[in-house]
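Undergrad: Let's have the full structure, built from the sequences with the hints guiding it.
Chains S and F, in that order, give the protein sequences. Basically this note's numbering = 1-based index in the first sequence + 1117. Basically this note's numbering = 1-based index in the second sequence + 1117.
Worth flagging that the hints you see were computed from the coordinates, not collected in a lab. Mixed in with the good hints there might be a few duds.
Pairs involving identical chains hold if they fit within one copy or between any two copies, as the list cannot separate such chains.
As the list claims (entries may be wrong) - Subject to a maximum C-alpha distance of 27 Å in a straight line, what follows is the list of computed DSS-like cross-link-like pairs (lysine-lysine):
1) Lys1241 with Lys1130
2) Lys1262 with Lys1130
3) Lys1241 with Lys1262
As the structure is a computational prediction, the values presented were derived from the model and not from experiment.
Number of protein chains: 2
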Amino acid sequence: MAETGPLSTFDAKQIRVLAFDVFGTVVDWRTSIAREVDALGLGVDAERFADAWRAGYQPAMQRVRSGALGWTKIDALHRMILDDVLQRFGIAARLDEAARADLNRAWHRLDAWPDAAGAIARLKRRYTVVTLSNGNIGLLTAMAKRAGLAWDAVLSAEVFRHYKPDPQAYLGVCEVFDIEPGAMLMCAAHPDDLRAAAACGCRTAYIDRPLEFGPAGRSRHAPAAGAFDLDTTDMNDLAAQLGC
Amino acid sequence: MAETGPLSTFDAKQIRVLAFDVFGTVVDWRTSIAREVDALGLGVDAERFADAWRAGYQPAMQRVRSGALGWTKIDALHRMILDDVLQRFGIAARLDEAARADLNRAWHRLDAWPDAAGAIARLKRRYTVVTLSNGNIGLLTAMAKRAGLAWDAVLSAEVFRHYKPDPQAYLGVCEVFDIEPGAMLMCAAHPDDLRAAAACGCRTAYIDRPLEFGPAGRSRHAPAAGAFDLDTTDMNDLAAQLGC
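TA: In structure tokens, the structure reads:
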């Protein structure tokens, strides 16, 4: 998809709903997953294991998108990928069914970035603040409860039966709140997510998360300056730029 | 449907998710709607108007259930009923499009019963506490924000594309949270809602709201003693009976 610039001058007063990507943008999946893998004492590189697990995510969603797999919750996709990654790391025999089910729920226990909970509370005073994640509702709800993320509503690909970046996900949020796409601000650390939202007519806020993929992963993310309506260093900076 | 008694001894420790009916159970729709109608100075009996508006609700959902109408959000059903009620009260010419749209959103501005917000905060410490309402997500989210109802997640017939008391609504909540029906407690002021949940294997808590239909409406509601797992006088009593 081509880099899509802002459609017109950004005006925070036209925004009514803030929709947040979650994995990477609001929570630090890599450190959280690595910590749980490490605690199992399996003798593997826990960061590499976390990266491998996460790397299976886009191909798994693509199988749903292509129709090779029917609609499947991320919990179930995470489990398929986990079984495969355990095999590839040569430790499949080390984890029984109960241990795998518990490790799979590590995605329900991800820690938020330090600014996230406070910034959501600030943003809520002026906007309706919701998730728009490919994570399933149960996962997002458990995570929010544990991490103190007081979303106004938990929306998910599961509601729309379409994963991001399918347009149905972004437009689904607009339909839920009966707003024009220009009244929704998609907030994410991932340029492809934001470009897909912009293509639907939504406004976009880039949230920089330089450590999402660890110290070596930085270069993957930085978007061209001015590519999105707002370019922020974290969620508190987003709140400040929105005047909250 | 026959009065369905508890399936087995109720044990609060087996419950993981509390799903709340909203209109009547958590919020006082009649007083709130009547107040907004009254403020318009239309010279009608505002309580009678509120009752007529609400009375159109079940027949409207039945049109969706029967297939006569495609899937329709409650916001749109409320608007169809409003147009009809204005006609029947002989005041259709008094409200233009903008005034009707605003009055229709009165359902987003319903006041909670005085115990609701505090009880939800108590219950959340031990359980996942969500809505299961026929109201649409946008309506429920706006209402929760205004009334300070800090749900863990906003679930709605809109997510499942089935209105209560269709079993798909109750079982949909169980699927979202990956729980057996016996781990869900349906909480409502309406015996028919609870009976439908019990028929799906869910546990049930009756919440008494003697004033839902005003001082004259009392007799419509009281269920037979012991008909449900818990029989409570309000949401704080529910929290107390659950040991929260």
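Undergrad: Against each hint, give a clear statement of whether it holds in the structure.
TA: Structure-based check of all given hints:
1. When the C-alpha separation of lysine 1241 and lysine 1130 is checked against a cutoff of 27 Å, the pair qualifies only within one copy, where the shortest distance is 14 Å, while the shortest distance between copies is 33 Å.
2. When the C-alpha separation of lysine 1262 and lysine 1130 is checked against a cutoff of 27 Å, the pair qualifies only between copies, where the shortest distance is 19 Å, while the shortest distance within a copy is 30 Å.
3. Within a single copy, lysine 1241 and lysine 1262 get their C-alpha atoms as close as 16 Å, and across copies as close as 9 Å, so both meet the 27 Å cut-off.
Checked against the numbered hints given earlier, this structure breaks none of them.
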